[in-house]
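Start from the sequences, fold in the hints, and give me the full structure.
Residue numbering for the sequence shown is 1 to 371, as defined by my numbering.
Hints are not guaranteed to be accurate.
Said to hold, decoys possible - Below, computed lysine-lysine pairings styled on BS3-like, alpha-carbon distance capped at 30 Å:
1. 91 x 12
2. 121 x 91
3. 146 x 81
4. 121 x 49
5. 83 x 132
6. 302 x 132
7. 244 x 91
8. 253 x 165
As the list claims (entries may be wrong) - Simulated restraints, written as ranges between beta carbons of each label pair:
9. 256 x 22: 48 to 58 Å
10. 10 x 163: 52 to 62 Å
11. 82 x 254: 13 to 23 Å
12. 67 x 183: 56 to 66 Å
Just so you know, these hints were derived from the structure itself, not from any lab. From a predicted model like this one, the values you see are computed outputs, not experimental measurements. Where is the CB? At the ideal position from N, CA and C, for every residue including glycine.
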Amino acid sequence: MARKGENIFKRKDGRWEARYIKGYELSGKIRYGFCYGKTYKEAKEKAIKCRAALLSSAPLPVTNNRRRFAFFCEEWLRMEKGKVKDSTYVKYEAILRNHIQPRLGGCFPPGINTWLAEQFKQELLAGGLSAKTVRDILVVLRSILKYTASQYPGLFPAVEIGYPKEQKKEARVLSTEEQRRFVSYLRTDMDPCRFGILLALLTGLRIGELCALRWKNISLENRTIHVDATMQRLRDMDGQGERKTKVVIGSPKSDTSIRTIPLTDGAARLCGQYDPHCPAAFLLTGTEQFMEPRQMQKRLAKYTKECGLEGVHFHTIRHTFATRCVEAGFEIKSLSEILGHANTAVTLGRYVHSSMDLKRVNMEKLAVVEF
Numbered sequence: 001m002a003r004k005g006e007n008i009f010k011r012k013d014g015r016w017e018a019r020y021i022k023g024y025e026l027s028g029k030i031r032y033g034f035c036y037g038k039t040y041k042e043a044k045e046k047a048i049k050c051r052a053a054l055l056s057s058a059p060l061p062v063t064n065n066r067r068r069f070a071f072f073c074e075e076w077l078r079m080e081k082g083k084v085k086d087s088t089y090v091k092y093e094a095i096l097r098n099h100i101q102p103r104l105g106g107c108f109p110p111g112i113n114t115w116l117a118e119q120f121k122q123e124l125l126a127g128g129l130s131a132k133t134v135r136d137i138l139v140v141l142r143s144i145l146k147y148t149a150s151q152y153p154g155l156f157p158a159v160e161i162g163y164p165k166e167q168k169k170e171a172r173v174l175s176t177e178e179q180r181r182f183v184s185y186l187r188t189d190m191d192p193c194r195f196g197i198l199l200a201l202l203t204g205l206r207i208g209e210l211c212a213l214r215w216k217n218i219s220l221e222n223r224t225i226h227v228d229a230t231m232q233r234l235r236d237m238d239g240q241g242e243r244k245t246k247v248v249i250g251s252p253k254s255d256t257s258i259r260t261i262p263l264t265d266g267a268a269r270l271c272g273q274y275d276p277h278c279p280a281a282f283l284l285t286g287t288e289q290f291m292e293p294r295q296m297q298k299r300l301a302k303y304t305k306e307c308g309l310e311g312v313h314f315h316t317i318r319h320t321f322a323t324r325c326v327e328a329g330f331e332i333k334s335l336s337e338i339l340g341h342a343n344t345a346v347t348l349g350r351y352v353h354s355s356m357d358l359k360r361v362n363m364e365k366l367a368v369v370e371f
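Right, dumping it as structure tokens:
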């Protein structure tokens with residue numbers, strides 16, 4: 001009598017069929033072997049002999065290694081944990097859990113080839129993900145494949161990954177008229193939060209940097225702001241049970257983000273008006289209780305709505321600062337360092353937006369050229 005889980009059953013033609021795992025396809029699919037007998041016992045004994053023969057045969061070649069790609073994904077993630085910041089680790093983990101492992105985790109590494117990687121990319125794009133998000137996923141996949149190849153020296157097939165082309169979107173920048181209107185609004189009934197947004201307009205601070213900024217980082221004597229921390233809400237990796245998040249204050253996103261920003265006379269006077277004379281106090285609250293980025297975004301949305309501005313996010317403030325600097329003839333290297341960029345190419349490529357008025361001024365310079 002067949003038992004549940006034995007994979008032995010009686011066929012319609014009266015014979016008994018016993019299945020056993022003969023191997024695995026590179027895609028991770030099980031490859032079965034089949035044994036037949038006139039009786040249940042005969043079929044079962046044949047399957048046992050076949051399994052024994054497989055076990056007693058020569059060791060499986062590396063291409064038949066039973067470790068699937070998900071194993072190497074987990075190994076790579078553990079290896080990266082000690083190398084990257086918590087925010088980066090959380091991002092990597094989310095990419096693995098949500099995208100790479102569900103689609104490719106069951107494959108055997110040698111079965112992942114250029115064609116499969118391309119199919120994976122197209123599926124991600126068809127699923128509505130942006131080109132940038134898909135690129136981030138593929139960058140992680142490429143790193144894992146490189147690690148996996150080190151476990152199969154000389155035998156792992158080369159996998160070429162084509163990244164999707166990102167369509168550059170023009171960032172929202174406040175016009176000079178919109179900026180004047182917004183500044184006037186912020187100065188009305190000014191409080192620490194409105195003061196913080198105005199200071200960001202004058203310095204180009206990121207939202208996380210502004211939320212983490214304490215008064216000890218502001219020197220009214222030297223008229224400077226020293227940026228050495230950022231605030232983020234991340235998944236609590238130590239949490240038990242349900243997935244929870246926590247606010248983390250840590251070092252900025254890169255070494256170049258640790259910087260000292262000079263203040264204008266007007267910005268320094270503004271800081272002097274709101275100085276609580278408590279070095280440990282956060283700038284956005286004036287107390288030792290912080291305001292996290294999510295709360296800051298909600299406040300900004302409320303302010304811009306009341307001010308009649310649309311499509312404004314906190315990064316709009318940073319882009320606006322960079323654009324005003326360029327319009328004022330700012331030296332690009334200095335601007336790059338104030339923004340905390342690794343190089344001027346990032347500043348020019350992502351944060352500098354020339355207004356039509358500035359373009360017209362530059363075109364007028366051609367008037368002195370004789371043709």
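Here is how each hint holds up against the structure:
{"no.": "1", "hint": "91 x 12", "verdict": "violated, 53 Å"}
{"no.": "2", "hint": "121 x 91", "verdict": "holds, 18 Å"}
{"no.": "3", "hint": "146 x 81", "verdict": "holds, 17 Å"}
{"no.": "4", "hint": "121 x 49", "verdict": "violated, 44 Å"}
{"no.": "5", "hint": "83 x 132", "verdict": "holds, 23 Å"}
{"no.": "6", "hint": "302 x 132", "verdict": "holds, 29 Å"}
{"no.": "7", "hint": "244 x 91", "verdict": "holds, 15 Å"}
{"no.": "8", "hint": "253 x 165", "verdict": "holds, 25 Å"}
{"no.": "9", "hint": "256 x 22: 48 to 58 Å", "verdict": "holds, 56 Å"}
{"no.": "10", "hint": "10 x 163: 52 to 62 Å", "verdict": "holds, 54 Å"}
{"no.": "11", "hint": "82 x 254: 13 to 23 Å", "verdict": "holds, 18 Å"}
{"no.": "12", "hint": "67 x 183: 56 to 66 Å", "verdict": "holds, 60 Å"}
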